[in-house]
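Novice: Sequence:
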Amino acid sequence: MISALDYLGIDHVRDGVPVAGITLDQYAELARHGIQFNVIVTSRSFNETGDYSHDLDRIEVLANTVPGSVASIEGLNEINRYPVTLHGQSTAWNTAIGRDVQALLHDQVNAHAGLAGVPILNLSLGGMRPEDASVMGNMSDLTDYGTWHTYFGLGEQPAKNITSGVAAAKLLAPYDPVQITETGYYNAINDMAWGGGGVSEAVQAKLTLNLLMDAANQGVARTYIYELMDNGLFPTSSLEGSFGLFRGDGSPKPVADAIHNLTTLLADHGGNSEGFATSSLNVSISGLSDSGKSMLLQSSDGDHQLVLWAEPVIWSMDSRSEVWAPSQSVTVSLGQVADEVTVYDPLRGTYAISHATNTDRVTVEVTDHPVIIEISDGHSAPAAPPPGSGAAPQAGSTTIGDGSHALVLKVSQDRYQGDAQYTISVDGVQQGGTLTAQARAGSGETDLVTVKGDWSDGPHSVSVNFLNDAYGGSPDADRNLHVEGISYDGAEVSDGTATLLSNGAREFALPHATADWAL
Numbered sequence: 001m002i003s004a005l006d007y008l009g010i011d012h013v014r015d016g017v018p019v020a021g022i023t024l025d026q027y028a029e030l031a032r033h034g035i036q037f038n039v040i041v042t043s044r045s046f047n048e049t050g051d052y053s054h055d056l057d058r059i060e061v062l063a064n065t066v067p068g069s070v071a072s073i074e075g076l077n078e079i080n081r082y083p084v085t086l087h088g089q090s091t092a093w094n095t096a097i098g099r100d101v102q103a104l105l106h107d108q109v110n111a112h113a114g115l116a117g118v119p120i121l122n123l124s125l126g127g128m129r130p131e132d133a134s135v136m137g138n139m140s141d142l143t144d145y146g147t148w149h150t151y152f153g154l155g156e157q158p159a160k161n162i163t164s165g166v167a168a169a170k171l172l173a174p175y176d177p178v179q180i181t182e183t184g185y186y187n188a189i190n191d192m193a194w195g196g197g198g199v200s201e202a203v204q205a206k207l208t209l210n211l212l213m214d215a216a217n218q219g220v221a222r223t224y225i226y227e228l229m230d231n232g233l234f235p236t237s238s239l240e241g242s243f244g245l246f247r248g249d250g251s252p253k254p255v256a257d258a259i260h261n262l263t264t265l266l267a268d269h270g271g272n273s274e275g276f277a278t279s280s281l282n283v284s285i286s287g288l289s290d291s292g293k294s295m296l297l298q299s300s301d302g303d304h305q306l307v308l309w310a311e312p313v314i315w316s317m318d319s320r321s322e323v324w325a326p327s328q329s330v331t332v333s334l335g336q337v338a339d340e341v342t343v344y345d346p347l348r349g350t351y352a353i354s355h356a357t358n359t360d361r362v363t364v365e366v367t368d369h370p371v372i373i374e375i376s377d378g379h380s381a382p383a384a385p386p387p388g389s390g391a392a393p394q395a396g397s398t399t400i401g402d403g404s405h406a407l408v409l410k411v412s413q414d415r416y417q418g419d420a421q422y423t424i425s426v427d428g429v430q431q432g433g434t435l436t437a438q439a440r441a442g443s444g445e446t447d448l449v450t451v452k453g454d455w456s457d458g459p460h461s462v463s464v465n466f467l468n469d470a471y472g473g474s475p476d477a478d479r480n481l482h483v484e485g486i487s488y489d490g491a492e493v494s495d496g497t498a499t500l501l502s503n504g505a506r507e508f509a510l511p512h513a514t515a516d517w518a519l
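Residue numbers are given in UniProt numbering: position 446 of the sequence shown equals residue 446, and the series is strictly consecutive.
Rather than coming from a laboratory, the hints here were simulated on the basis of the structure. As the structure is a prediction and not an experimental result, all values here were calculated from the model. Cβ coordinates follow ideal geometry from the N, Cα and C atoms, glycine included. Hints may be right or wrong, so weigh each one.
As the list claims (entries may be wrong) - List time: in silico DMTMM-like cross-link candidates among lysine to aspartate or glutamate, alpha-carbon distance up to 20 Å: (1) Lys170 with Glu201; (2) Lys160 with Asp141; (3) Lys170 with Asp249; (4) Lys452 with Asp414.
Claimed, not checked - Here are the simulated distance ranges between beta carbons: (5) Asp476 with Gln336: 53 to 63 Å; (6) Arg361 with Lys160: 30 to 40 Å; (7) Asn272 with Gly88: 46 to 56 Å.
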């Protein structure tokens, strides 16, 4: 879990109440690693005691064990589905009693010396219309944040449901900022339990990036994605088993890779990153479609980040497959010349896909997920190899893992309706997550992928698995993946090239270790 959260760049987790001798030690270990918890009080404990005393005592133990570990306490989860009884009335049939239930939590939290001042989130409801939930009245005096759970079916884009979820949270707590405490897409394509099946892993990645940007753009203070890992039941056929950002074996799905790239690109490590005064930027945008959106951010070093994305239909429930989204050329014009303008695509990686200096405009291709344009006052972008170095140009560089030896692959693609995606494995063990090719075959450029590790002496195998072949009926409409060379610690691997014309893995044999070359 620590490794997964570190990879995502996430330091807040929503979960149940820790219990000494069962889960408290794990919570404390995560907290010492920098993870903070939004802890949900439980209907079971409430029904046993008639109040929150047991839950709050346990939460207070965590807060005292690792100070600062409790970021917030959330009211009861979906009280219409997991009801509690107060004053002889059940929330299963009398939603209005939820106000008294939340008022009791508010009073008891503030009565605990070790919890006083911890932000309180509103309780939640499941599958209920906001107007029906409004019988609880205005809850702002009992909460610090409004909440809502926002899910999706039929592969729909997130903006509409995010908008309605924020409005619902505001209906119940109009004076409070909003946290979305559950949201996400699942991969069980044929599970129709919610009236519409899930989506592929590739589409989940795109939709989740859009979801996060939609929520931020609408002022959501914090968004909790359900859930970290597939629960391992039936991940390809069960709705509840396939929400994970990671598969049940711990390997990252494309959505985990995409979030990793997004948080890496937008991370701000400045000492005043949470308290600086922002400045304006004169920007005009042309060519963005009706479904297009934009959000202007700024980091503490003064640079601005303009995020552009669009939300066309990208999933067909009829064919249970991805729908190709056309690219749109979007021009961003600045009111003054910028020292540097650098463009990133978090679906591809963390490297720059284009870079310009001393310019007042940039044109980017926007399809169905966010593109980040960094507008800089002089900070350097990734440099090309120096003239005369003899090094082949690199479209993008990615490093996976740690270790004393480096296995390097040069990769390119034939692009058609999106980029080629692939994974790399050593001796059958996948290294890192899903990779996305950027360099075009025949352009003279390659992607440079470095895999680091401490493998034993002896023979080994490296395999490249092409994941998303596509063909439109002609050589110009064909997505392929090219391995243009493999080396280890600078030594070229014989027969280290291949063209993958269809989905599947191509294996490369590495020789026995020698005194000069050991894998």
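Novice: Would you mind marking each hint as holding or not holding in the structure?
Specialist: Verification of the supplied hints:
1. Among the hinted pairs, Lys170 with Glu201 is inconsistent with the structure: their alpha-carbon atoms are about 32 Å apart, more than 20 Å.
2. As the CA atoms of Lys160 and Asp141 are separated by approximately 28 Å, the hinted pair breaks the 20 Å bound.
3. For the proposed pair Lys170 and Asp249, the alpha carbon gap of about 39 Å is over 20 Å, so the pair is violated.
4. With a C-alpha separation of about 27 Å, the suggested pair Lys452 and Asp414 falls outside the 20 Å cut-off, and the hint is violated.
5. The beta-carbon spacing between Asp476 and Gln336, approximately 40 Å, falls outside the hinted interval of 53 to 63 Å.
6. Here the CB-CB span from Arg361 to Lys160 is close to 32 Å, well matched to the stated 30 to 40 Å.
7. Look at Asn272 against Gly88: about 54 Å separates their beta carbons, and that is inside 46 to 56 Å.
Checked against the numbered hints listed earlier, the structure breaks hints 1, 2, 3, 4 and 5; every other hint is satisfied.
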